[in-house]
Structures are given as C-alpha cells and as structure tokens.
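Put together the whole structure using the sequences plus the hints.
The residues making up each chain are set out below.
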Amino acid sequence: GSGAAEEALTIDISIFHTENDPFNDIFKEWSEAIEEETDGRVKFKPYYSASLVSLFETLDAVRDGSVEAGILSAGAISGQISEMGLLETIGTFSSEDQYKNIYKDVTPELESLFSDHKVEILMWAPGATETLVLHKEDFITDLGQYKNLSMRTAGRWQGEQAKLLGAMPITMDPSELYLALQNGTVQSTFQTVGLTNSQNLHEVTPKMTALGLSINTIQYVVNPDVWSKISEKDQKTIKKISGEVGQSSYSMLKKREEEALKSMAEKGAEFYHLTDPEREELLKVIQPVNEQISKESAKAKAILEVIDKHE
Amino acid sequence: MESFLLFFAFIAALMLFLTTGISVAVAMGMIGVLGTILFISPNALAQLSSITFSNSTSFVLMVVPMFVLMTEVISSSPIGAQVFRTTQLWLGRFPGALGMGTVLTSTGFAAICGSSPVTAAAIGKIAVPEMIKQGYSQRLAIGATAAGGTLGILIPPSVALILYGVITETSIGKLFIAGFLPGAMIAVLLCLTFLIIALVKPEMVPVTKIKVKWSERFISLKSVLPIIILVIFVMGSIYTGFTTPTESAAIGASTALVIVGAMGYLGRKNILQILSNTVKTTGMFLFLVIGGVFSAFVLNRLGIPQSMASSLLGLDIPGWVIILLINLLLLVLGMFLDPMSILVIVIPLFFPTVTALGYDPVWFGIMVTINIEIAAISPPVGFNLFVLKSVVPDVSLGEIIKGALIFIIPLLIGLILIILFPEISLYLPNRM
Amino acid sequence: MPQEPAFLAKTEKAITKINHVFTFAAGMFILAMVLIITYDVIMRNFFDSPSLWALDLARFSLVYIFFLALAPALQSGQHVSTDIFLAKFSLRTQWYLKLVALMITAIYGVILFWQVTETTLKVFEDNRIFPVAIELPMKYVYMVAPVGALQFIVTAMFCLAVVFFREAPLRQVQKEAIPPKRVINQ
Ligand code: NA
Ligand code: NA
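Protein chains in written order, with the working numbering: chain A, 551 to 861; chain B, 399 to 830; chain C, -13 to 172.
Honestly, the hints are just simulated from the structure, not real lab data. Ideal Cβ placement from N, Cα and C applies to all residues, glycine included. You may find that some hints are simply not true.
[Said to hold, decoys possible] FRET-style restraints, in silico, Cβ to Cβ:
id, chain 1, residue 1, chain 2, residue 2, range
1, C, 29, A, 808, 40 to 46 Å
2, A, 714, B, 719, 55 to 61 Å
3, C, 154, A, 557, 53 to 59 Å
4, B, 713, A, 582, 23 to 29 Å
5, B, 407, A, 590, 28 to 34 Å
Structure below.
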C-alpha cells in the first residue's frame, strides 16, 4: 500500500473549449467524481481555451507526453485515425437511448483503437445532441433548399455530407464564420447549439433549423506513461466513473443546449424543428458517407456495424 | 511567490540571451527549449515541432505573406511617394501633417486587416522612408507607425476581438462595434501627439513652407487613384461578402500586382526583389511567432501567469483597485509575452471576477485589447517593433524602441480614458 | 588573427546559391497562394463553383514558404536582434558574443531539425491526412521541414565561420582591408 500510488497525482489536461462551455459540465462532473472517489489521489487540472496546445495538436502532444492528458474531437483527429470519421459525421445518433447503446458497444472498440495509436481513451461524449442549420432569412426544411446553398463546413466528412445534399461546401477558419454569415460570404452552416450560442451567431442568422441529429463527438485521452502511474485500483475507479459520466453526458449536454436555445430565442432567434419524416429523408441522403468511411479499415467496418445495429 | 521568482528567472534568461545579440526568435525559442528540458520533460520538446507546424498551417498567419506582398508591390512603385506628396501639397503647412497622414493611413488599413504587426509592417514599409525623406526624426516616424499598427486589432475586423469574444462568449458583433470609437479616439490621440511635438520641438517635425497653386493640388489627386482602387477592392470584397478577411489579403495582393503592373513598374528584376523581400519578411515573422508561442507554452505549463493572476485576485480590495492591478499586470506581461498568448492565458482567469464585480464584458474586452496593443510596442518583446526593424532595416532596434516609447503615452492616455469613461466603448454597442 | 581557410569562399558561393534557390521557390509559393485564392474567390462569386481545396492548399503552402525562407532570412540578417546591450561592450567582447549567438542559433536549428524530422517521419509512417476537405497526405507538406531546418543549421554554421575568420577585431589598418559587404547582420 505504499509508494507512488499513494501520493496525489495531478494530471494537466488540455481542453479546447472554454470554461463556460456546456462541455465543461461534463468535465467538472467527471473530474470531481474522480478526485472524490480516489480520495484525492488523482486530480485533473484543466487548461481551458486551448491555452496549452491547440485542438489539432492535442493528440500528438498527449502521445509524446508534452501534455499529460487532453480532450479531442473526432473531427480534429479523423485525418490521423480515419475510423473516427464515423463519430464525426452528422446523424451518428439522434436520441439518448441510441447514444447510450452505441456508447456501451463502441467504447471497447475505441479503447483498442486508441491504444493502437498509443494513447489511453478514458471517456467520450457527444459534440452536440442537436445540429442547427443557420440562415439569415429562411428555415432549411426542404432538401431542395440545399441545392447550391453555400455552406461553411468543418472537416472532411461534413463537406462530403453537404455535397450529397447538393450544397456548395466552403472552407474557412471558425473565427471568420460570424463575419462571413453577416456579409453573406456563405449563406449557411451546420453548427452545434453550444458554438452557435457562444459565438452569438443568432445575431446574424436568426433562422435556425434544428435537425434533431448529433454532430461530432469529443474524447478524453491520457498519456499511457501517466496512466500507468495510477494504481490499478484507481484506474478501475476512473474507468467506472468515465463509463457513467460518458453515458450521462448526453443528458447533461442536452440540458445546457435547451438553455442555450431558450436564451437565443429570447434574443430574437427563431427555430424550426424537423419533423420525423423530414429527418428520415435527410438521413437517407447524408448517411451513405459512413459506408465510404468504413471502407478505410476493418476496424471502421466493425464500428459502423455497431452503430448501425442501434439505428 | 514561486511563480513571481520563475517569472523573473524567465526575464533574466531572456535578457541574458538578448545580450549576445542573438535573434529574438532564437532567444525566445531557446528559453522554451531550456524551460521544457528543466521543468517539463525532454520528450516535451516535441512541442516545438507541434507549434511550428500548427503556426505554419494557421489561417490567421496566412495573411502575412499576402499582405506583405501587397505592400512590397506598392512600395516598389512610386505610388506611395506620390500619395505622400499629395498629402503634403494639401496639408503641408499644417504642423505634423505627414505624421498624421501616416496615422490615418494606419487607421484605414486597420479596417481591412485584423493583425497589429501586419498593419505596422504594411504602413511602415511605405511611410517610414517617406517621412524620413521629408526630414522627420527617425524615432518619430517609426514610433508612429508602430503605434498606428496597433489600431489593426482595435478597429474591426480584429483577430484579438474575435478571440476575446470566443473565450468569454461575448458578442463578437458588439465587440466590433465597440472598437470603432476607441479606435478613432486613439487615432486622434496619436495625431495630437504629432501636433504637440510639432509645436514643442519643431525640429523633429519639419513643416514645408512652399507656396502651392490649387491647380497643382488638384492634379496631384490623380496619384491617389491607384490607392483608392486598391482600398475599394479590398474593403469592398469584405463588406459585400465576396471574401472573408483572410481571402481579402489575396485580393489585395493581386490587385496591387495588376495596378503596379499596368503602370509599368513590374520588371523581371523588380518582381524578383519584391518576392525575395516578401519571403524573408514572412520567414522572420513566423520564426518570431513560433519562438514566442513556445516560450509562452512553457510559462503557461508551469502555471506562472495563472498563479500571478490568482494571487492578485485573492487580495481583499475594492473593485476599481482590482481593475487597476489587472491593468498593471497586463502591462508587465505585455512587455514579455506576445499579445495573443496574453489573451488566451490570462483573460479566462480575470473574466469571471471582473464580470462578478459588475463590469461590462464588452468594455473589459476593449480595455484588454488596448493593453495588448501596448504589449505589441512595449520593449523588450514587441512584435510590431521587430517587424518594423525588419522592414526598415537601417534603423537600430534601440532607436525603434525609443520611438515607440513616445507613442505609448497616447495609448496609455487612451487606456485611462476608456477605464474612466466606459461610455466611449459602450455608447455604440448599447444602441445596437 | 585567424587565417581564413580556402573552403570558406567556396562554401559561401554554394550556400548563397542554395539560399537563392530557396528564396525563389518560396516566392513562387507565395504567388501561387495569392493566385489560388483569387481564382477561388472569382469562381465562387461569378460562376457558383467554389472549391473545397483552394483555401487549404494555400494554407499548406505557408509551410513551404516558412521553411524555405528560414535560412535565407538568417543569411541576409532578417531575423531581428537587438544591439542595445551589445554596443556597450568592447569590440573583442562583441566578437565573442557574436560567436556565442551564432553557436546558440545553430544549436536551436539542430533542435528544430531533430523535432520536425521526428514529426515528419511519423506522418510518413502512418500516412496520415490533414483533417480537411481535401484528401491531402501530410507527408507531402511536412517533408519540406527537415530540408529547410537543415539548411538553417548549415547557414548558421557558415555565418559562424564567417564571423570567426572575417570579423575578428583588428587593428585599424587591417580593418580597411575588410570587404565593405556585410555578410552578417546578426
Ligand atoms: Na482591424
Ligand atoms: Na511588449
């Protein structure tokens, strides 16, 4: 019972989101539970707003140990870990039950996938439970409206999905999105509720179509050497907590998203929620992109099978 | 207390390196290297590579070569000189006219460019040689351009305001609108500085006493046409939605190439020289950013700015004293860290306290932005200073720093006015 | 004073030549960057056909521009330094400090070379692609990094030799014999 395992271990974790972000509810719940249940032996010290390393550098930084732990997004790493494309696209899940089932079955696959890439994955969570399509004047309810619609998209697979819809995907830095929507450089974009709210995009594109679909996911990872400094007992505790928080992250996020939607509505945003048939029709068009991703490896195929099983 | 000691160690190490006359980029990079090996782990040196690649693939820095190219193209032609001659014909007998013209040109360029050192480099390349030619003191010419460049991040579009908006979830639209009046006010303060110097030390700011015919004045306006076309293309492309601000840099460069080419100034030799200058300035710029970000990474990883901030916030003192202390800390950090690092590291620490004390987030954003404007021109680490040293190589850095110190005064006055009269920043956004 | 060895002049020619080529290549990348984006803006606004590759392609040319520019900027003294402190020392001390500065510069170059080469080997190994719309393998972009960093080291060492052999503090008479061309402006 003596030695390193008994000493308090403080792990620096690089976090791309801000402290006020809805995602932070998840981090707080997770890190507080870990500190409490390991009796203070393991603590995570947050560095918000990518002040330590940028989101795109986080995976490498955690792997080589320049940062001990980090939060990633599937969209930021699908170039390195192609399988993650499946958790980046729009519409991987559309309800809490579906998310929880996928979480349970996909997590072991992700654990072996990430250990192949020499990092330890502890937990993952939705990037958003709700995807908004933003526009100045119109709700985008009919698939025909996507035809030639200029849309800012993030990452490789979102662009593909926009193309499948007949839209014109355009790349730009997130920091330019506000001005671009305001000036009409792009007419529309897919966006998470959290980012729409924090960037105040409702000021420039008050018509928001809520798709009722997820977009992107985030992953908590830790450097394997740091992980091995934790006693087996505490490792088990952390994994247990991660499983619980990971599962409940959907409802935590959902709650914050609902608050954000309400606050944007008070500031003049208007919402249209797709009906079930409308959503089905949309999914039919954008989901084939997953087939494309799953062709990249056997593991991708296995993950897609798990996801499809819970449709 | 330990954090203060480490901060002083950082400063001492930086000074020691700079004493050898080593390039600033290498000095800051080596501090990153030593700090990483001593305090983190040799493995973490990989961070140098990450920072290098992420900055050299960054959207924000993409505008550097393009705006530098635009400036090099313009300054390879007589357009710049003609515009300054026109300014002189019109305002020549007004004390400090050319200096004010430079400040106003910076203000105009700030409206298309979101970066402070890029604005300084662009205006400096053209304006400084002209001002010196007209008999202005080197110090003054350079100081004004360095300070004028800082308007780039106060007048929208602004990288700093966008970053502040995202970190603190403050409306970027409101921040942009809030930047206008303070930006104009600082431009006026910089102009007043010239006026005062012209009255007190007229030998530093020569006034031409030639008689000019009105017809000559009007004919001279023709020479401003190319610049007006350039401005219309670049600003127009952003505000009509044709381009994002980043893309507008490309429009600026191609328009400049077409205009100067059409005027017949783009010989093969000339264009090789233009490209060579652009390449070297870009290389210098990025190397500097990488060194700066790497040393900031180490400071941040050791939690130094964070614990300095929290020991400040732990004091039991009234709100206005906290605001005052925050400003002092920002000014001190601003001497050594690059502006963007300050924003990302320090703002999240102060913001909750400041808003809890009842201060307006938009106002705080403008206040912080003016602080990091000062950071950009305060020695020993000031990006605008380094960039100017590079585009006007014949002037020593010591001379540049002395010039910048003169113009820190109007910026400080601006800062104090913003703090005392929040309405200057809040009047416009509150009417949105 | 140290006698200048014959190889220095020859090396000077070769290094200057390589840096010229690098500068020219980087210049072409800058032009390409401007043209690609201008083309994309025109196609998007007048022909309704935006591209998903233009902005990212332009962005990745910045890596080439930076690494190709690194050594030429060093040779031409573009990397900014401060002379505030230096001017306070005797000429001999200044000379020593200059040598130290260039040695540290070379060491920093070695560390940069070592780190970017490791990253580059990694992206060659796992063949990863950028997380953007175009399917561009990172290796084609990153491979310029070791090349540029290596040339930076070589240039730094060469500058060191030049300062050592040509800029040693001399008696007044000999000083006039130095060619007026300033190779180094560290
Ligand atoms: Na600006
Ligand atoms: Na400074």
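Checklist line | List of violated hint numbers, smallest to largest | finding: none
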